[in-house]
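Participant: Taken in sequence, the protein lines are chains H and W. Under the numbering used here, think of the first position of the first sequence as 7, with each following residue one higher. Under the numbering used here, think of the first position of the second sequence as 2, with each following residue one higher.
No lab work stands behind these hints: they were computed from the structure. It should be emphasised that the depicted structure is a prediction, and the values quoted were computed from it without experimental measurement. Just to be clear, a hint being listed does not mean it is correct.
[Claimed, not checked] Straight-line Cα separation of at most 27 Å, DSSO-like style, residue types lysine-lysine; simulated pairs: (1) H:57 x H:75; (2) H:101 x H:75; (3) H:75 x H:25; (4) W:478 x H:57; (5) W:499 x H:36; (6) H:57 x H:25; (7) W:499 x H:88; (8) H:25 x H:101; (9) W:223 x W:261; (10) W:146 x H:36; (11) W:47 x W:113; (12) H:57 x H:101.
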Amino acid sequence: MQFTVEEADGVRIVSSLPKVLDANNAMDFKADMARTLKGSTRVIFDMSAVKFIDSAGCGALITVLRQLKESGGDLKLYAVEKQVRMVFELVRMHKIIDIFNTRQEAILAFSHEQA
Amino acid sequence: MAGQTPRDDVTPSTVLVVDDSRVVRTYIQSHLEKEGYHVLVASNGKEALTLLSDDIGIVLLDLWMPEMDGMACLRYIRENFPEIPTIMITVSHEISHAVAAMKYGAFDYVTKPFDPSELLVIVQQALRIRDQARRLRRAEAELDKAREHEISIASRIQQTLLLGAPLRDLRGVKVGELTIASKKIDGDFYDFHLIDDTCFDVVVGDVMGKGIPAALLGAAAKQHLMSALYRLMRGHKTGDPPEPAEIVSSVHAEMIGQMKDLETFFTLCYARFDLSNNVITYVDCGHMRTIHYHHQAGSCSLLQGENMPLGFPGQDRFTQIRAPFERGDLFFFYSDGLTEARNERGEFYGEERLVEFVRAHSSLEPQELCGRAWKDVVDFSQRETFTDDLTCVALRVEPTGPANDGAREGRITVPATLAELERVRGFIQDLCTGQGASVVDEEQIKIIQIVATEIMTNIVRHAYQDRGDGQVRIEAKASPETIEMNFFDQGIEFDFSKAPLPVFDGSREGGFGLHIIAHTADSVQYTRDAGGTNRARVTFAMQRRGKDAVHR
Chain H
7 MQFTVEEADG VRIVSSLPKV LDANNAMDFK ADMARTLKGS TRVIFDMSAV KFIDSAGCGA
67 LITVLRQLKE SGGDLKLYAV EKQVRMVFEL VRMHKIIDIF NTRQEAILAF SHEQA
Chain W
2 MAGQTPRDDV TPSTVLVVDD SRVVRTYIQS HLEKEGYHVL VASNGKEALT LLSDDIGIVL
62 LDLWMPEMDG MACLRYIREN FPEIPTIMIT VSHEISHAVA AMKYGAFDYV TKPFDPSELL
122 VIVQQALRIR DQARRLRRAE AELDKAREHE ISIASRIQQT LLLGAPLRDL RGVKVGELTI
182 ASKKIDGDFY DFHLIDDTCF DVVVGDVMGK GIPAALLGAA AKQHLMSALY RLMRGHKTGD
242 PPEPAEIVSS VHAEMIGQMK DLETFFTLCY ARFDLSNNVI TYVDCGHMRT IHYHHQAGSC
302 SLLQGENMPL GFPGQDRFTQ IRAPFERGDL FFFYSDGLTE ARNERGEFYG EERLVEFVRA
362 HSSLEPQELC GRAWKDVVDF SQRETFTDDL TCVALRVEPT GPANDGAREG RITVPATLAE
422 LERVRGFIQD LCTGQGASVV DEEQIKIIQI VATEIMTNIV RHAYQDRGDG QVRIEAKASP
482 ETIEMNFFDQ GIEFDFSKAP LPVFDGSREG GFGLHIIAHT ADSVQYTRDA GGTNRARVTF
542 AMQRRGKDAV HR
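Chain W on its own, in the form it takes in the complex (with noise of 0.2 Å):
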């Protein structure tokens, strides 16, 4: 055994002798140092209390002694030093101590009179164990970090692959959109795919199951029915559209294979809007009956088609169903976990209550009516989480048709995070400077993109309390004369009474947010509405340096 020092050199090897015999004690010292350990020695067991640290690799502890015995110090070193493996020293006819020490988590023990090698050995094993354990302590905690950060990365995959970019561009049309996931992340997915100035697709889609694998299912989903989209619109000699039905069974062709051996499948519903002859061309593939709501009769239609979700075999060609609609319309297309959430006695939301609600709530702006939908079913459910997950997006084609008035809009939803704040400013970037001639000079970009920053970082601080949960909706218009901007969350509150005060001097870091919105924005409200959605209003008249520069 000689020359086996203790290896680990990031562990301590300090060991602390704790024996009432001076011999005992010196005895062990003396073999201990001569293999290269660090040796404390104690008479009793409260000298030995007043040596305990963090440093110390081992105990060795005699079981009878003055002052502390050795099972009083045992059990003060289980509790406040559980890393510590102890081991007791006992002569021959105290085994049956040292048996119940073990029972109080002492690691072993040896009788005197013992052989050095017999002891050596045992400090090793119970090093090497100590090792041991805090090794897969640590592994445990980084595979937790691991799970967490593959959640995470999972999350990111929904909220920027699964869920798509809103239609900015488009005028005509307001679209309103809401997803909830049920475990964090989800298979709802939806997408818009815009094919010329007044012709656009929306696209929403179920795949069966949660988690990763259905949000990675979707992912890929998306992924092919846009590839199939331009793909097939190269194909056409005209450069037209490939019709819905088209593009569906393309992607079907082209996915069947993965999904049958995933065991899967997902509904969808495929629907285009042209909005020069006001016709909408839909495929649904088993997904739940997107509701057409009627502006000028008052009354609500179902779209339903008779096709299977994809992912079933025996189906090659989907067809698709062509219904007119009028300006002023609304469409409202959702999930299952809509629909199929139960009260406390067992009954689902359904579709006819949801119906219902639409037709009498159509004349809300769609994405207050997303978010009012949401509030309904938890009304109805009495609770806010759910089995599955949720997702709805609402359309409404505008009375009047596309005008051009100047005013550019722009619309982003991002998930709540401080990582987004570069995105929100290149949001407004692009909204003040894209499409041609800028409308607001650089100053004013980096005015409207600093208060944008501030609110975005209240929103995710105070409103979702930092959980990287929420998303955040910003809905923006920028004219020659003005600019506004409407950030939109589920959040907490905002409460002004309990926001803090700026503080000049350098003893704070805080409360300069607020400051900095109300002294640059020209009006900056915050309201709340019945279905839990904050807003924040904030607009700029244009040609101005800032508040301070003049005063109204």
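With the rest of the complex left out, here is chain H (with noise of 0.2 Å):
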């Protein structure tokens, strides 16, 4: 899959993300985007496109969490959907991934960290 990737302030902002991300294409979307991250730690996830998530996607951006996080990164998320915020709030998404209305203050909390 093609994600557009841009880069502000050190951070690797990934939008254009699949409409569903689901047990179907979860491996896909794990390879792909490993691919599209290599050598960055600091990442935003534009949610907006995403309509509908189940579990393997939720365990997908996990993935993608976790491997961030081993090389000291972080990933954060804006602008989420509704069907995917109620999906992530039954498995408690929200407590370990950081959310954010806007791609401004995802970026913000990145700078902040910093300083």
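Both chains come to you apart, so use the hints to assemble them.
Facilitator: This is the structure we're talking about:
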């Protein structure tokens, strides 16, 4: 899958995520994301494109988070849709991944951490 | 030969020269380096072993050396680096040893003293042959992959083109179906044509032969039958549906040419159910006799026609037969794979046994009846794989007629693969929102869809172990009060005790599926019937926002 990747203030922002993130594409997502994020530590996902997520999709996000944390980085999300937020709450994803309303807020959170 | 450097830049062109004579080593090294090769040198077998790796393109090996000699070294290379060609260096009186070395897998030998250009030719040749062998292996692997891909496409053809979408919207009938392919794909097919609220056609066929050609012909036949129905319907001034015999005759005329060329044929039973008049009109073309169980009398009769299978020349008019039925009656269509299954003694399962089985189990739900019939054949023949395709469709005309209580029912059968998740969600969406006003709000639909996704994923992954050859049947019912979904599969039984518990600290990525199901559905049950069909039943009460909102 193809993502859109931008750099801002030393943070890598990934958007154009798939519309559906489920057991059918979670493996591909993990592999493609690992390639996309090679060498990055501080990463933000624009979740606005994702309209449906299941437990495997959550698992894929956790994998990305874990890999980033191992290299001293972090993953933050913003613009999470309603259905996705509902599933996040069910599996308590919101406790382990920082979620913001806007891109600016997410970037700001990284720069505060740095300071 | 000068200037011919190794061209294939993906394969290493490093040469390992192993000889105890420094003069010989240096001599070979200087000549090969001049030609663009990268050269490593070792003075004995032991030293050579430390230099061996997959980066080495070729080894030049002296037969007689101290420490480890050439033969021992050659044996090591053949065992551990079978792809690296080895050329023995020998003196003329040792040629018999060099020949022995070739028996052990050496590519060739050169005798000292040798002409550098002669050595170069042999080196180039060895590398070329090694590359060819590699390409061949790669091509073979790709070919295998392509073949597998082809089979999976054909399997999809069968699942999507050969097996009709079950009747979803027709009230007053219950349908069950089952197909077990002998070679992953088969020529058995079935389809349902909905004519109107009280009239529908059931088509069951069996193409002679198995595998991809049979599957393709089956798909073509199904397509022809469907298009003939609509084409003829448009042709009728009143818009009345064409008679089954008319449809079959038309398809036969269209397909006979192709089928004669392919030297094949197919049997067919085309049956129309008229629920207003309780009459079945059928065209039987050499198909297995359909079992009609009479609910009132508790007995069975067999539907048999006198037409030849389609594809047989010399037949252009097909005859149809009408027979009355009562509400509560059951019809059982099947392919010969069922009755022609044999046991160890070579005896057929047979029509008589099947008729008796259907009669004795007529009270079962049609879907369960199909699963149990298959199980009975398995028990009889003592095996689960058969030489022929095995298909059955069971249909009960419900004792009470169509009624409308505001509920909506839907059924779908899909291959057990994760690629079907989207379709399963679409099915839920259609059920909840199709046909006018929605009975369920958007948020509730999303909840039901996530539960359906999790259950389907569990069936694909655990019940069928990701094999991708099973089927999942989903029956769902939506009313303004509740939504009920039932998932049926024939895989391994679900074992709660082995299911992992979710961990919420981010250290694990699995185990959330069951948690999601348990915390969104109002009830969840997993059962398994005697026929080996697993059923996961989930219900949702309407007007609620997930289980956590209201505690019972």
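Participant: If a hint holds in the structure, say so; if it doesn't, say that too.
Facilitator: Results for each hint:
| no. | hint | result |
| --- | --- | --- |
| 1 | H:57 x H:75 | holds (26 Å) |
| 2 | H:101 x H:75 | holds (15 Å) |
| 3 | H:75 x H:25 | holds (26 Å) |
| 4 | W:478 x H:57 | holds (25 Å) |
| 5 | W:499 x H:36 | holds (26 Å) |
| 6 | H:57 x H:25 | holds (5 Å) |
| 7 | W:499 x H:88 | violated (32 Å) |
| 8 | H:25 x H:101 | holds (23 Å) |
| 9 | W:223 x W:261 | holds (18 Å) |
| 10 | W:146 x H:36 | holds (24 Å) |
| 11 | W:47 x W:113 | holds (22 Å) |
| 12 | H:57 x H:101 | holds (21 Å) |
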